[in-house]
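Visitor: The chain contents come next:
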Amino acid sequence: MSFALEVMNWMLIAGFTVLSVSQLMAMVRLVIGPDTGDRILALDTMVLNAIGLIVLLGVTQGTRVYFEVTLIIAMLGFVSTVALARFVLRGDIIE
Amino acid sequence: MTLELIAIYATIVFLIIGAIFTFVAAIGLLKLNDSMTRLHAPTKAATVGIGAFLLASMAHAYALGEPSFHELLILAFLFVTAPISANFIAKVNIHKRACEALPVPAEDEMWSTLDVPPGEEARAKPQTGA
Numbered sequence: 200m201s202f203a204l205e206v207m208n209w210m211l212i213a214g215f216t217v218l219s220v221s222q223l224m225a226m227v228r229l230v231i232g233p234d235t236g237d238r239i240l241a242l243d244t245m246v247l248n249a250i251g252l253i254v255l256l257g258v259t260q261g262t263r264v265y266f267e268v269t270l271i272i273a274m275l276g277f278v279s280t281v282a283l284a285r286f287v288l289r290g291d292i293i294e
Numbered sequence: 027m028t029l030e031l032i033a034i035y036a037t038i039v040f041l042i043i044g045a046i047f048t049f050v051a052a053i054g055l056l057k058l059n060d061s062m063t064r065l066h067a068p069t070k071a072a073t074v075g076i077g078a079f080l081l082a083s084m085a086h087a088y089a090l091g092e093p094s095f096h097e098l099l100i101l102a103f104l105f106v107t108a109p110i111s112a113n114f115i116a117k118v119n120i121h122k123r124a125c126e127a128l129p130v131p132a133e134d135e136m137w138s139t140l141d142v143p144p145g146e147e148a149r150a151k152p153q154t155g156a
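Keeping their order, the protein sequence lines are chains A and B.
If you read the first sequence in my numbering, its first letter stands for residue 200, the second for the next number, and so on.
If you read the second sequence in my numbering, its first letter stands for residue 27, the second for the next number, and so on.
Calculated from the structure, these hints are not laboratory results.
Yeah, the Cβ is synthetic: ideal placement off N, Cα and C, and Gly gets one too.
Fair warning: there could be bad hints in the mix.
As the list claims (entries may be wrong) - From the structure, some residues in chain A lie toward chain B, with a derived Cβ separation under 10 Å: (1) M210; (2) T216; (3) S221; (4) Q222; (5) M224; (6) G232; (7) P233; (8) T235; (9) G236; (10) G251; (11) Y265; (12) F266; (13) T269; (14) F277; (15) V287; (16) I292.
Excised from the complex, chain B in its bound form (with noise of 0.2 Å):
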């Protein structure tokens, strides 16, 4: 008895918390006035909303007698795959240049490249003979 009167507590706890986070992400998608800034308040804050909504489930689930752990399921889905997604729109901003340029890269032949440095040409020559 006790033990589900403190999961119904839980549930509340945790539809209170889903309710701010899902909210203030809202907000943040219509008030903020840059698109990269635009993008990462609902990307953190609707991920931690909905995954305080599911655990809220998993709460109500145990109060009613039958615990179900299915959520957890959704929950890694979800912490999974948002960076992926807030990354990809944040390539699109990039693309249509939505924000500020990014800044001029130094100048550097030897970065992931296979080539020979300058000056380095009489030492990188194949070894013939031996």
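Only chain A is shown next, with the shape it has when bound in the complex (with noise of 0.2 Å):
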């Protein structure tokens, strides 16, 4: 027992650097995306990181309390990418 909660500890830590870089590489293309559809992609991938992160420190933490707060996150990065996508295509977000 001892040593699978040794073992689930290392994958949490690789989990958070792994979570970390992604979001790090996700920013990089955010910054050189040649094209808005692709500031748009890097947005959402980073959202996605983020609700990936929470839940990481939720299980961390051992609580709850964090499963409203990934709900809404996801849900409000769901609505923006939507807003923004909707906003270059028709030039307003809701007609």
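Hints given; two lone chains; assemble the complex.
Guide: Shown next as structure tokens:
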């Protein structure tokens, strides 16, 4: 049991590291992205990585209080992606 | 005791899967050449990666002795909304001419219109009388 818990702690650290590096790579794409679609895609990926980071934080602390935070960020990420894409497509969000 | 141990190992496996998929998504987002190919990398892989992290959270909650299934809600929401946002970003790419132009559609007056096809005007005339 203690061996498994130790491995799980190492895997949590690895997960945090990988998610942080992925967030940085998405940020690089956000800065250098040659087109608007790439920037919207990078923001969408950053929202997904932020959801993963919050979930890993909840696993690390062993609490369930981050569930609502994750759900609200997932909804806001989807709505903001659609709003950005719609602004580019139509020049207006709610016509 | 044994079930909790299995749950801990399931947590480890899901964490590994999620880390691999998320990293592949980030590499694809950064390294691919075209806008459309860049679009396909994170929208699939990051969804599976975040799904694996959420499953790891469920397994860990079970190992702690308080099983929770709330994470399935976030999982379902992500699985439903990821193709929609990908479709919108693809539309933005087409709109901004960031990809190859679509092929010119073939001539066809009948597709999704109420126009009368040529040569059938006589038959389509409204029948008066009767």
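Visitor: To test your reading of the hints: which numbers does this structure violate?
Guide: The structure conflicts with hint 16 only, although it agrees with all the remaining ones.
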